[in-house]
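Sequences are here, hints too, so could you generate the full structure?
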Amino acid sequence: METTLAQHIVTDLPQVTALGIIIKAIIILAVISAIAGFGTYIERKVLAFMQRRLGPMHVGPFGLLQIAADGIKLFTKEDIIPQNANKFIFMIAPIITAATAFIALSSVPVFPDFTIPEFIPLLGGVFVPSIASDLNIGILFVLGMMAAGLYGPLLAGMSQANKWGIIGAARTAVQFLSYEVVTGLSILAPIMLVGSLSFVDFNNYQQEGVLSWMIWQQPVAFVLFLIAGFAETNRTPFDLLEHEAEVVSGYATEYSGMRWGMFFIGEYANMITISIIASIVFLGGYDSASMFGWLTIMLKIAFFFFLMLWVRAAWPHVRPDQLMWLCWKVLMPLALVNILITAIVMMV
Amino acid sequence: MYELIAFYLFSALIIGLFLVTVMSKNILYAMTSLAAGMVLISGFFFTLGADFLGVVQLIVYVGAIMALYSFAMMFFDATKDIKEKNTSSALVFLLGGMSALVLVLIFVGLNQANLAHPDAITALYPMTEGVGNAQDVGMVLFTKYLVPFEVAAVMLLVAMIAGIILAGKKMDDSLTEDLGADEEIMIVKDKK
Amino acid sequence: MSLEQFKNRNVGIHTYKTLDVGTPPNTGMEKFTQVVTRAVKGELFVGLWVVMREMINTLVKGDVHTVKYPFEKMPISPRYRAIHDMLRLLESGNYRCIGCGLCEKICISNCISMDTRYDEEQRKEVSEYTINFGRCIFCGYCAEVCPELAIVHGPRYENASEQRAGYSLFEDMLTPIDKLNLQQEYDGFGAVSPNADENITQTPLAY
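Chains as they are written, first to last, in my numbering: chain G, 1 to 348; chain Z, 1001 to 1192; chain F, 2001 to 2207.
Incorrect hints may have been included.
Okay, derived cross-link-like pairs now, DSS-like style, lysine-lysine, Cα gap no bigger than 25 Å in a straight line [unchecked claim]:
| # | chain 1 | residue 1 | chain 2 | residue 2 |
| --- | --- | --- | --- | --- |
| 1 | G | 329 | F | 2031 |
| 2 | G | 45 | F | 2061 |
| 3 | G | 163 | Z | 1083 |
| 4 | G | 163 | G | 87 |
| 5 | Z | 1083 | Z | 1025 |
Computed footprint of chain F on chain G, listed as stretches where at least three residues anywhere in the stretch have a Cβ under 8 Å from a Cβ of chain F [claimed, not checked]:
| # | stretch |
| --- | --- |
| 6 | 160-174 |
| 7 | 310-317 |
Think of the hints as simulated: they come from the structure by calculation, not from any bench.
Ideal Cβ positions, reconstructed from N, Cα and C, are used throughout, including at glycine.
Here's what the structure looks like:
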């Protein structure tokens, strides 16, 4: 039944051309980097309000132009490469983080599909798809690509000839080994229920109102995935890689200017990706039938983004050994039990 | 045409990166190029339409195995070149060249045979239309290759148990808490 | 009172409250129950609610603790010793300084230098008066010793400058004649602080 649904959708849409995909890629790059920059502003504001401060106020109305000021600063700052560092690796490490974050976004549905109007020269009539590359194993690709993104911190830490950097790199490996199993296992139970790895199928599975959302069927998987997602994006309870109070700035200690900024564009893009996955897999995704379907998913994504900032304001962070303990001794058995129960229920 | 461009691009990049892996004296370069090569190999799977295998290549080789390499990396100074002990480079060169030659000859032979009978090339398990990649792989894995699959699972289980036992010998000693230290610095509270 | 208690100079500890944090878990089962209770009791959500409450208070009630410093300043204590002011007599508008030179004499960092002369009515007047704020340690002796309450410490505390030595002339520190009505009488150095009543505690007998 699902295959007929998928075919139906495929035949319904206009032809996807290479030009359309290139335009889509440019849109994703531009918009997500802009949102990532705006995300830093939102993060500073939300954290400030939660700590009874005002946050950035002086550049522009309510400090809105702070992003521009930060951007100018990052772009014009001197790009320092330490003397004993492995220069080539040091230079490409931030690019790995940023690039993998955006590659992961290539198989995630971002923004609705549309056709460029005919009156625009050159590009008129080109159909721009919702997903840049509609793999039928989208979820696995995104998770795999985000895992590859950890090479950025790892190589950055090891190439910079700095003890803090080495500790940051070691923590990257520790963190990766901890959460990766939980991410995979927690999302396996919803995959079993839907019977597909494609985001479109996930979305179509939950189209019968709020009660059909996956979160009601798989609450444990939802919580586990959120926890693993926080670890995956280095958000606060698990920001071991660059925790200022412990390892000066971890893997980013020696970085400055745009290379440092690229790590953060990557981190914010990853936050958006995790938010999108969580909204599509567990919170019903977008409603493709109605006009405001895209608005609902934007709200869901915004909620998850806000949750990450909220948690950062509220909770302290854990030690690396506590993270390992949590992931391997608590979350992984929970995920396995969840899968078992799901399988038994599906069989009966 | 896109496939051809992608194929030659990926091939050139992969060969170049793996050459760096073999030739480089810097362990960081070697590891980085190995990881990059692994990522690009998954590109081949994607161009062939085997999305699932491509992603598995990404997750397993790039994620899991390279994480282990990176742990090994922690024992080296990543910024220094290593000195290799090469007792007879001529022998290494000879053996390496020979095996490369044999591989090339095998593929040339296969290619010649295939050119003679182009129709003879058929997939043992062709892709089913309308079914996802994962389902195809699952069908083959759980019918024809069930026994090797289960044997591999048992092997991994054996390795896991062995690992747990190796690590478990010292599990009672905590690495983070020194119980003796607590007594030394214990503050004697005054009794009220 | 025993001698031991008398010698306990660490008076602050008597006001400490000891929290009942319980005993740390030892056995595996105890650890397990601790984890489960903490996970189920929702302690984490209390933390989430606290910051959310603060955010709502900030946004709705405007309960912000930020002082936008260059534009608004925190009130400082009248006892604060900042840049000096020279006061005038309210009745005549003449400066209070009688040129006695006590401040110059008592200044322990030698930063005040003054010169006086007799005017035509044989009254002493100040011809030169400078304070080198690169040397001044703001000890307040000059204000304390002044018999006429002429030199006092004002509330101006922004004294960053480009050079180490910064001289202030008599005229700069003198209250402008047109702002005479705004001149505050100085209850500063040695005066009680506004919240002195709250700060009074019983002196421990051990002292």
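Let me make sure I understand: some of the numbered hints might not hold for this structure. Which ones are they, in numerical order? 6
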